[in-house]
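Trainee: What follows is the residue order along each chain.
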Amino acid sequence: MQANLMLKRTLLAAGMAGCALASPAQQVTPAVAPEATAALERMGAHLRTLKAFEVRAATTRDELLDSGQKVQFGGSVDLKVRRPNRLRADISSERKQRQLFYDGKTVTLYGPRVNYYAVVQAPATLGELAEMLGTKYGIETPLADLFLWGTDKARPGDIKGATYLGPEKVDGTPCDQYAFRQDGVDWQVWIQKGKAPLPRKLVITSTSEPSQLQYTSVLRWRSVSQLDNNRAFSFAPPPGARRIVMQTSDGKVEPVAKK
Amino acid sequence: MDRHLLSITVAAALVAGIAPWTEAQGAVGGGGGRGAGMAASSAAARTSINQNIQVNHNVNVNRQVNIDIDTRPEHRPVARAAVAAAVVGTVAYTLPPACSEVLVSGVAYQNCGGTWYQPQFAGTQVTYVVVNAPQ
Chain A
1 MQANLMLKRT LLAAGMAGCA LASPAQQVTP AVAPEATAAL ERMGAHLRTL KAFEVRAATT
61 RDELLDSGQK VQFGGSVDLK VRRPNRLRAD ISSERKQRQL FYDGKTVTLY GPRVNYYAVV
121 QAPATLGELA EMLGTKYGIE TPLADLFLWG TDKARPGDIK GATYLGPEKV DGTPCDQYAF
181 RQDGVDWQVW IQKGKAPLPR KLVITSTSEP SQLQYTSVLR WRSVSQLDNN RAFSFAPPPG
241 ARRIVMQTSD GKVEPVAKK
Chain B
1 MDRHLLSITV AAALVAGIAP WTEAQGAVGG GGGRGAGMAA SSAAARTSIN QNIQVNHNVN
61 VNRQVNIDID TRPEHRPVAR AAVAAAVVGT VAYTLPPACS EVLVSGVAYQ NCGGTWYQPQ
121 FAGTQVTYVV VNAPQ
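As they're listed, the protein sequences go chains A and B.
When we follow the numbering used here, the leftmost residue of the first sequence carries the number 1, and every step to the right adds one.
When we follow the numbering used here, the leftmost residue of the second sequence carries the number 1, and every step to the right adds one.
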């Protein structure tokens, strides 16, 4: 009887210990912290209010050499956007420059140094443009996330992990740092504190291959006073520029349609 | 993904021996307009990361062939690989010497000793694909 009681007590104590252990575990930040997804939604909502914006980004991009060595390349992106259907991107590195012009009807890819350009038909909105350039032509629209957040093209439902990592300054500006996980990609965003919750830095880490390649961009937002007219978004071939064709992702070339 | 891997293998084979990395602007060194070669031979094929979260995010790594450098016919170094009897569909990252640019229906071709190359954007990279003589 006594032994039985002791056993009961032991079990009870063990049970309590178990509870005590379990309790802090329950307090561990859940995989998707509501404050982090809420911050993302606030940022998206704010971005959506920007009918036009210009942002300049200093970028780094990891690449994996055949040898397995990971290296990093720097560059810059100057992105001008006017919703719903204008975009201009100047993508530069020491090695290569490209410009994208989207005027709502066509999209032009231009290489200033090679002086070649290609023009293809474009869909009606920015979101569809990014989708089409990626899937049909294998061209990434730089910083497309900036105009996709806050729209139905964004995919917040895919987020499997969301954490608030605390405050951190970017370019001297106080921000909050958040980390998110999705299938195949971990990413972080630094959101400016205050009334204009703009993303100021992005780090995208691929988790679908062992070398975990990263793309980073530090974003500087500009005033948008010159984006009212269409000049920035339309391409006029400079002297000596030659039109060439654009391959689709399957390596084929479509017949050239008159512009 | 298989398609990407295949294209890498093929393209890497083509690139091997053809092209040192070159700056497009022939001003470097002033050597008669031909760019000074910058060897980076080990980097024929590279894996690079997708730059967006929301677009194509299930394909986060793009495999692409690089020679990711601008070249233009008048500023190219002489290709070291033999180009005789190039097969239609062959992809080159540089052209053989002595080509003449011809515009057909408004788009550029290069006639290099009777072999026709069509410059194309493959993604954002300029490639030269051997084609039948344009009509």
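Errors might be hidden in some of the hints.
Stated by the list, open to error - So the derived list for chain B, only partly shown, Cβ under 10 Å to chain A, looks like this:
| id | residue |
| --- | --- |
| 1 | I49 |
| 2 | T90 |
| 3 | S100 |
| 4 | A108 |
| 5 | W116 |
| 6 | P119 |
| 7 | T127 |
| 8 | N132 |
Said to hold, decoys possible - So the derived label-pair ranges between C-beta atoms look like this:
| id | chain 1 | residue 1 | chain 2 | residue 2 | range |
| --- | --- | --- | --- | --- | --- |
| 9 | A | K136 | B | S105 | 28 to 34 Å |
| 10 | B | V87 | A | E35 | 56 to 62 Å |
| 11 | A | P238 | B | V104 | 30 to 36 Å |
| 12 | A | T135 | B | N111 | 51 to 57 Å |
| 13 | B | E101 | A | D152 | 42 to 48 Å |
| 14 | B | V87 | A | D152 | 45 to 51 Å |
| 15 | A | A232 | B | S100 | 40 to 46 Å |
| 16 | B | V102 | A | S211 | 30 to 36 Å |
As the list claims (entries may be wrong) - To list a few chain A residues with every Cβ distance to chain B over 12 Å, as calculated:
| id | residue |
| --- | --- |
| 17 | G127 |
| 18 | P142 |
| 19 | I159 |
| 20 | S249 |
In short, the hints are calculated from the structure, not lab data.
Glycine residues also receive a C-beta, built at the ideal position from the N, C-alpha and C atoms.
Trainee: Determine which of the earlier numbered hints do not hold for this structure and return their numbers in increasing order.
Mentor: 2, 3, 5, 8, 9, 11, 12, 15, 16, 17, 18, 19, 20
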